[in-house]
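> Sequences are here, hints too, so could you generate the full structure?
One-letter residues, chain by chain:
Number of protein chains: 2
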Amino acid sequence: MATKGKYIYEYPHPAVTADCVVFGYDGKELKVLLIKRGKEPEASATAYVGEWALPGGFLEVEKDKTIAHTAARELKEETGLRLTVKDFKEVGTFSDIHRDPRERVITIAHYALVKLAQVEASTDADRADWFSWNDIPHLAFDHDKILRVAFSRLKRDIHFEPVGFDLLPEVFTLPQLQNLYESILEVKFDRRNFANKMKHYAILTEVESPTPRRGTRTPVLYRFYKENYDRLKGSGFQLEF
Amino acid sequence: MATKGKYIYEYPHPAVTADCVVFGYDGKELKVLLIKRGKEPEASATAYVGEWALPGGFLEVEKDKTIAHTAARELKEETGLRLTVKDFKEVGTFSDIHRDPRERVITIAHYALVKLAQVEASTDADRADWFSWNDIPHLAFDHDKILRVAFSRLKRDIHFEPVGFDLLPEVFTLPQLQNLYESILEVKFDRRNFANKMKHYAILTEVESPTPRRGTRTPVLYRFYKENYDRLKGSGFQLEF
DNA sequence: GGTTTTTGTGTAATTTTTACGCAAAGATAA
DNA sequence: TTATCTTTGCGTAAAAATTACACAAAAACC
Numbered sequence: 108m109a110t111k112g113k114y115i116y117e118y119p120h121p122a123v124t125a126d127c128v129v130f131g132y133d134g135k136e137l138k139v140l141l142i143k144r145g146k147e148p149e150a151s152a153t154a155y156v157g158e159w160a161l162p163g164g165f166l167e168v169e170k171d172k173t174i175a176h177t178a179a180r181e182l183k184e185e186t187g188l189r190l191t192v193k194d195f196k197e198v199g200t201f202s203d204i205h206r207d208p209r210e211r212v213i214t215i216a217h218y219a220l221v222k223l224a225q226v227e228a229s230t231d232a233d234r235a236d237w238f239s240w241n242d243i244p245h246l247a248f249d250h251d252k253i254l255r256v257a258f259s260r261l262k263r264d265i266h267f268e269p270v271g272f273d274l275l276p277e278v279f280t281l282p283q284l285q286n287l288y289e290s291i292l293e294v295k296f297d298r299r300n301f302a303n304k305m306k307h308y309a310i311l312t313e314v315e316s317p318t319p320r321r322g323t324r325t326p327v328l329y330r331f332y333k334e335n336y337d338r339l340k341g342s343g344f345q346l347e348f
Numbered sequence: 108m109a110t111k112g113k114y115i116y117e118y119p120h121p122a123v124t125a126d127c128v129v130f131g132y133d134g135k136e137l138k139v140l141l142i143k144r145g146k147e148p149e150a151s152a153t154a155y156v157g158e159w160a161l162p163g164g165f166l167e168v169e170k171d172k173t174i175a176h177t178a179a180r181e182l183k184e185e186t187g188l189r190l191t192v193k194d195f196k197e198v199g200t201f202s203d204i205h206r207d208p209r210e211r212v213i214t215i216a217h218y219a220l221v222k223l224a225q226v227e228a229s230t231d232a233d234r235a236d237w238f239s240w241n242d243i244p245h246l247a248f249d250h251d252k253i254l255r256v257a258f259s260r261l262k263r264d265i266h267f268e269p270v271g272f273d274l275l276p277e278v279f280t281l282p283q284l285q286n287l288y289e290s291i292l293e294v295k296f297d298r299r300n301f302a303n304k305m306k307h308y309a310i311l312t313e314v315e316s317p318t319p320r321r322g323t324r325t326p327v328l329y330r331f332y333k334e335n336y337d338r339l340k341g342s343g344f345q346l347e348f
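If you read the protein sequences in the order shown, they are chains A and B.
If you count the first sequence from 1, position 33 lands on 140 in the numbering used here, and the numbers rise without skipping.
If you count the second sequence from 1, position 226 lands on 333 in the numbering used here, and the numbers rise without skipping.
Since the hints were derived computationally from the structure, they do not count as laboratory data.
Note that the structure is predicted; figures quoted are calculated from it, not measured.
Quick reminder that beta carbons are idealized off the backbone N, C-alpha and C, glycines included.
What you were told as hints is all true, and nothing was included just to trick you.
One-sided excerpt, in silico: chain B residues whose CB lies under 8 Å from chain A:
1. Gly112
2. Tyr118
3. Thr173
4. Ile213
Once the Cα atoms are required to be at most 25 Å apart in a straight line, the calculated DSS-like pairs of lysine-lysine come out as:
5. Lys196(A) with Lys262(B)
6. Lys262(B) with Lys340(A)
7. Lys252(A) with Lys196(A)
8. Lys262(A) with Lys340(B)
9. Lys262(B) with Lys262(A)
10. Lys196(B) with Lys262(A)
11. Lys252(A) with Lys170(B)
12. Lys252(A) with Lys143(A)
13. Lys196(A) with Lys172(A)
14. Lys172(A) with Lys252(B)
15. Lys252(A) with Lys340(B)
16. Lys340(B) with Lys295(A)
17. Lys252(A) with Lys193(B)
18. Lys193(A) with Lys252(B)
19. Lys252(B) with Lys196(A)
20. Lys196(A) with Lys196(B)
21. Lys170(A) with Lys252(B)
22. Lys306(B) with Lys262(B)
23. Lys172(B) with Lys252(A)
24. Lys196(B) with Lys193(A)
25. Lys252(B) with Lys143(B)
26. Lys193(B) with Lys262(A)
27. Lys252(B) with Lys340(A)
28. Lys193(A) with Lys262(B)
29. Lys196(A) with Lys193(B)
30. Lys113(A) with Lys113(B)
31. Lys222(A) with Lys143(A)
32. Lys196(B) with Lys252(A)
33. Lys295(B) with Lys340(A)
Anything over 10 Å on all C-beta distances counts as not near chain B; from chain A, calculated:
34. Ala160
35. Lys183
36. Asp194
37. Ala224
38. Gln225
39. Val226
40. Pro269
See below:
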C-alpha cells in the first residue's frame, strides 16, 4: 500500500491530531478518561495496539472547523462522550519529530472537565475507562507527558476560573469542594479559612437541604452562584488559594 | 502546476506553520517585530503580498525537531534575529478552516522577548521593522488576533515569571521597570509602593552607578538578581502587582 | 538663581491572610 | 441508653500585605 494515497503536496506535510485529557472527580479523587488503543481504520498503520492512551485522533482537513472540533468529534467517536467545542481548553502542542513511529504527527492537546457522575453512564465502557489520578497506567506515545502538562495547566487555571465547579455535581458540600481544590493544587487548607474565603467571595448559595443522610454530621449543600462569579470575574477578580 | 508535488498521503494533511510575536521595549513603549510579506519561494502560492505580518513559516517536516525549532529558524530567515528554541513560549494554535486562502494551514503561535537595543542592529531592516504596540498596522491572515492573544498571554505570564527582565537591558532604572510593567499590565502604580515591593522581593541589586547623565535627576541603576528570584520561584512564589 | 521635571524615600490606616479551639450532628459500639 | 468517634460548622485575634499619601534632592533649562 505504498502509493495508495491520493492527496499530493509539493512539500511534505505533517499529520495533525487533537488529544483530549478529560478530567472527572468522584468526590474523593481526580480521574482521567483513557481509551484502549485498537486498530484504527483511518490511519495507514496502527501503533501501540492494546495500550492505554488519551482519546484523540486526526484533524479532518476538509471538515473540522477548528482543532477543537477535532477534539470534540474524536472524543465522541472513541468514548461516546458528547462535549461541545467550548468545553475544551488548549493545553499545548506536542511536536517532537519522532513522537509517532508512523509519520510526522504533531498533536494539539486539550483538556476538558466533566461532572463524572453524569457522564459515566454515557461513556462507552468497551473502549474507555476512568483512572484515578494516582493510578494511571503507562500510556502510548508521549501521552504521559501530555497528561502531566495538562494537569499543570488545570492547576494554573483553577486560580482564575471556577473550573472546580465544572467537576462537581450541581449540588455539593463544602468539604467536597475543598477536597477537590486540595487534589488539584496538591496542598491542604484549613477548613475554617476555606469556608470563610468562600463565604467572602459569595459565589455559593445554600441549597434547601433535603437532609440526605451520610456517615456523620450532614453537611450543608451548596450550589454554585454563577451570577456573582461572573460579576467578580468581570472586575478583574481572581480566585486565590 | 496542479500536480507538481511529490508528497503523497492517503488522507489530506494540513500545512503547519509557526508564527512569532517578538516583543521588545525601548524604555518607553512596548514594540513588536513585523515583516513585510513578499513572494515566498517555498509556498505553492503567496498570499497577502505587501502586507505586514508576523514573522513565521512552514514546519519542515523532515528537519524541524519541534515546532519551536520552526519558529526559531523562520525568525532567523525572515528578520535576521537569532534566538534559541528556549526563548519561545507557546501562545496557542490557530486553526480556523479558512484562515489561509491557499490551503488548510494551522499555525502554532509563539512569543519571545528580546532586549531591543541589543537586537535592533542585527535585525534585517529591509524586510522587518519594529512597531509600537499602540501603532500596529493591519496585519495579514488572522495575525491581528494572534497578536492580541499573545499579548494577553504575556500579560498573564508576567505575574509568574520575570519576563520583564528579558525585555530590559542588563542594567536599568526603577522607573523603566515600572513603566514596563505598567505598559504590559495596562495599569498605573504608585511609585513608592512599586519601589517598596521590589525592595521587599529583593530581586534587584544596585549597580555602582557611573553617573550617566540624563534629562533630570540621575536614577539609580539596577541589575536583576537572578539567584534570589530563582530561590523565590522555587518556593512557590509569584510576582504580584 | 529660579523654574521645571524626575527621582528617592517612610509611615500610618486598611485590608487580607493566617492560626487556632470548641460544640453540634450523626453513626457505631458497648 | 450512653459513650465514643468522626465529620461538620462557626468566629476572633495576631500577623502580614496592601494601600494611600507628601516632601526634599538631583539635574537640566532658561
